[in-house]
Amino acid sequence: MTTAGLKSAPGGALRGTVRAPGDKSISHRSMILGALASGTTTIEGLLEGDDVLATARAMQAFGARVEKEGVGRWRVEGKGGFSEPSDVIDCGNAGTGVRLIMGAAAGFAMCSTFTGDASLRGRPMGRVLDPLARMGATWFGRDKGRLPLTLKGGALRGLVYTLPMASAQVKSAVLLAGLHAEGGVEVIEPEATRDHTERMLRAFGAEVIVEDKPSGDHVVRHVRLPEGQKLKGTHVQVPGDPSSAAFPLVAGLIVPGSEVTVEGVMLNALRTGLFTTLQEMGADLTISNVRVESGEDVGDITARYSQLKGVVVPPERAPAMIDEYPILAVAAAFADGPTVMRGIGEMRVKESDRIALTAAGLAACGVTVEEEPEGMTVVGTKGGNHPVRGGGKVITHGDHRIAMSHLILGLAAQEPVEIDEPGMIATSFPGFVSLMTGLGGSIVEA
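Letter by letter, the sequence shown follows residues 1 to 446 of UniProt numbering.
Derived lysine-lysine pairs resembling DSS-like cross-links, with alpha carbons at most 25 Å apart:
| # | residue 1 | residue 2 |
| --- | --- | --- |
| 1 | K152 | K79 |
| 2 | K230 | K152 |
| 3 | K68 | K79 |
| 4 | K7 | K393 |
| 5 | K232 | K79 |
| 6 | K230 | K79 |
| 7 | K68 | K232 |
| 8 | K350 | K393 |
| 9 | K350 | K144 |
These are calculated hints, taken from the structure and not from any lab test.
Given the structure is predicted, the values throughout are model-derived calculations rather than measurements.
All chains, please: the whole structure from these sequences, using the hints.
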């Protein structure tokens, strides 16, 4: 990928059938669980983006043998646990990777030092370090647990932990630490989050008990991992990432005359909030060929150009689509009327403050956005009667989803849209530009 900026421009309709890159969440977990397990784990469809490759290198540093055998095909030889690394673990930009790895490493009597790129070093890790410390791990580092930091694990005690925020990363870190905690662990979720870790732990031979229990006027989810679990290597088929599939699908909805199909997309109910929301907006979005692969529902999704209308997105839907709000905001810019998105304060502590950057990028392209502390409202353009102007230069602050979302906007706007830092797109979607140009989109160096 070039270090120059990228520019997308309006053109003809987008047409074609593509396959989404492998799901990033499952790719990270397949590497980590494969290294924790005894024996061989084979992985098909691994996302070979920068974030996942950083996790692969980390697993090598912790003593696993990790080999690439072909495009998307990897083999991990685990030794049933982690060995103390001889050097600093550099997780690059991988927030998911470092939080899950710290959880896994906390179970072993050793010291591990973690760092990352400038973006990752600026992201506080306290939300993960707090429950790990309650289990007996200790850490030394900068304020609020920012990287670089050193984690010392081992001799963990069990924990019943209620998540203070809806975060699959925190839940997963506690569960991975719980593999080696006396008494096991239980995580209580006031709002259900992505359940990939639970599903994959079962695939690797662990017992995970999930129960929904009434609590006052609502239901909370209890996820329990009994002590003494042993993981065994297995085969993982990584489904297509719904967060990545969102970009060509939204492009298909907003570029006139388009019809785009993305094959093999994960349809886990805790990841499909965006698709539900788009359908509520009037999107011609159809799902076909639904099947099960490696314990996950997958299917093919077709998006056809649609006259969208603004909606109020239920705040409780946020955990099922937290990474998709920037591209939803782009779709909302082309809708009729306002789209209200609240309960999304989590966006402010992602790779960047995604609420602020989404609002700023859309405003630079002539879209009216009302920003709130925990949300935003995007005022649409009356079903295309007043097209989005575009023409802005978007500052991404190294955030791949901000970059891709605004490039999609440029394909349907009146004037080209430029983004300043395309290199980070490779963290989650290394083939993004070639995939979009293959569908007929115009994305070139700025």
